[in-house]
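Peer 1: Starting from the known structure of chain A, fit chain B onto it as the hints suggest.
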Amino acid sequence: MKNQYVRSNEPIVWSLFGAGGMLAAFLLPVLMLVTGILVPMGLVGDDVFSYQRVLTFAQSWLGKLILIATISLPVWHGIHRFYHGLRDFGQKKGRKLTFYFCYGFAAAITFCTAVLLLLL
Amino acid sequence: MSNYLSKRKPYQQPLPNNWWLKNSAYRQYMARSATCFFVILYALNLFWALTALIAGEEVFNAWLVNQQAPFYVVFHVIGLIAMLYHSQTWFMLAPKTIYVQLGKVKVPDKKIEVIMWLVWCVVTLVVFVVLLR
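Line order of the protein sequences matches chains A and B.
Following my numbering, the numbering of the first sequence begins with 91 at its first residue and continues without gaps.
Following my numbering, the numbering of the second sequence begins with 4 at its first residue and continues without gaps.
Watch out, some of these pointers could steer you wrong.
Here are the simulated lysine-lysine pairs, DSS-like style, with alpha carbons at most 25 Å apart [unchecked claim]: (1) Lys25/B <-> Lys182/A; (2) Lys186/A <-> Lys25/B; (3) Lys182/A <-> Lys113/B; (4) Lys186/A <-> Lys10/B; (5) Lys10/B <-> Lys183/A; (6) Lys12/B <-> Lys183/A; (7) Lys109/B <-> Lys99/B; (8) Lys113/B <-> Lys99/B; (9) Lys182/A <-> Lys10/B; (10) Lys114/B <-> Lys99/B.
Label-pair distances were calculated between CB atoms; the ranges are [as the list claims (entries may be wrong)]: (11) Gly106/B <-> Tyr95/A: 36 to 46 Å; (12) Ala109/A <-> Asp112/B: 17 to 27 Å; (13) Gln149/A <-> Gln104/B: 39 to 49 Å.
Footprint (simulated), chain B over chain A, 3 or more residues, beta carbon under 8 Å [to be verified]: (14) 105 to 117; (15) 140 to 151; (16) 201 to 207.
These are calculated hints, taken from the structure and not from any lab test.
Note that the Cβ used here is the ideal one computed from N, Cα and C, for glycine as well.
In isolation and in its complexed conformation, chain A is listed as follows:
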């Protein structure tokens, strides 16, 4: 009989889930406050998110690194909870398809973000 042992993908997806959770816990509260509330409501200066300033940031290598982490890791984190949450609501069929759809989505966002950042 062939060796049917298949390595679990859990270490990879859990690492990305953990990294995303850590980043979300530390960075997302202050980022949501600034980008989603203070800037749109005009409570801080207009030039905080001026096109030039954001572009300069996104063109620097440090900026690219921060942006790809801040955009892709939360998606890996969130999609992991969503995928396992589906089972909490009784999903039994099509787990494999859902797996590829969920993590494929996260991988696609990561890939597209990387490409866009390299184009800048």
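Peer 2: Leaving out everything else, chain B in the frame of chain A:
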């Protein structure tokens, strides 16, 4: 899934969709899981901003104006609350996944949680100052 050529059909207990409303631990668990929607949508909003940034100044400024819509502001206010809940639950969970030992004793969970909140304060302050300077 299983590779056995078995015809047994084990009984599976039905799971009502409202099982998590039954006690507060389940409700907290579900609230914690629900924070994932805000995490994902916020990241996608940033992704949208990045595409706008590449499309040029006009498109990027249109994105900034879009964010002023009440829908987005309300989303971010609720999202901020959800994120603070995520931070709290994450810092509670951290000592359970990382075993920290000093000398011969395990560092108490509560201590790690407090340290993580202190680090959180520093990170938040630094990001705030760097963004708004």
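Peer 1: Measure nothing beyond the straight line between the CA atoms of Lys186/A and Lys25/B; if it is 25 Å or shorter, mark the hint as holding.
Peer 2: violated (30 Å)
Peer 1: Are the Cα positions of Lys113/B and Lys99/B separated by 25 Å at most?
Peer 2: holds (11 Å)
Peer 1: In terms of beta carbon proximity below 8 Å, does the segment 201 to 207 of chain A have 3 or more residues touching chain B?
Peer 2: Holds: 4 residues of the segment 201 to 207 of chain A have a Cβ under 8 Å from chain B.
Peer 1: Quick one: are Gly106/B and Tyr95/A within 36 to 46 Å, going by C-beta?
Peer 2: Given range 36 to 46 Å: holds, Cβ gap about 40 Å.
Peer 1: Would the hint linking Lys186/A and Lys10/B be met if the CA-CA limit is 25 Å?
Peer 2: holds (22 Å)
Peer 1: Could you grab the alpha-carbon distance between Lys182/A and Lys113/B and see if it respects the 25 Å cut-off?
Peer 2: violated (37 Å)
Peer 1: What's the verdict on Lys10/B and Lys183/A, does the C-alpha distance respect the 25 Å limit or exceed it?
Peer 2: holds (18 Å)
Peer 1: Verify the coverage statement for the segment 105 to 117 of chain A against chain B, using a C-beta to C-beta distance below 8 Å and requiring 3 or more qualifying residues.
Peer 2: holds (count 8)
Peer 1: If you draw a straight line from the CA of Lys25/B to the CA of Lys182/A, is it 25 Å or shorter?
Peer 2: holds (22 Å)
Peer 1: Tell me if the beta carbons of Ala109/A and Asp112/B are separated by a distance inside 17 to 27 Å.
Peer 2: Taking Cβ atoms as reference, Ala109/A and Asp112/B lie about 21 Å apart, which means the hint holds.
Peer 1: Holds or violated: are the alpha carbons of Lys109/B and Lys99/B at most 25 Å from each other?
Peer 2: It holds: about 11 Å lies between the C-alpha atoms, which stays within 25 Å.
Peer 1: Quick one, are Lys114/B and Lys99/B close enough, alpha carbons at most 25 Å?
Peer 2: Answer holds: Lys114/B to Lys99/B is near 12 Å, not above 25 Å.
Hints 2 and 3 from the earlier list are contradicted by this structure; the remaining hints agree with it.
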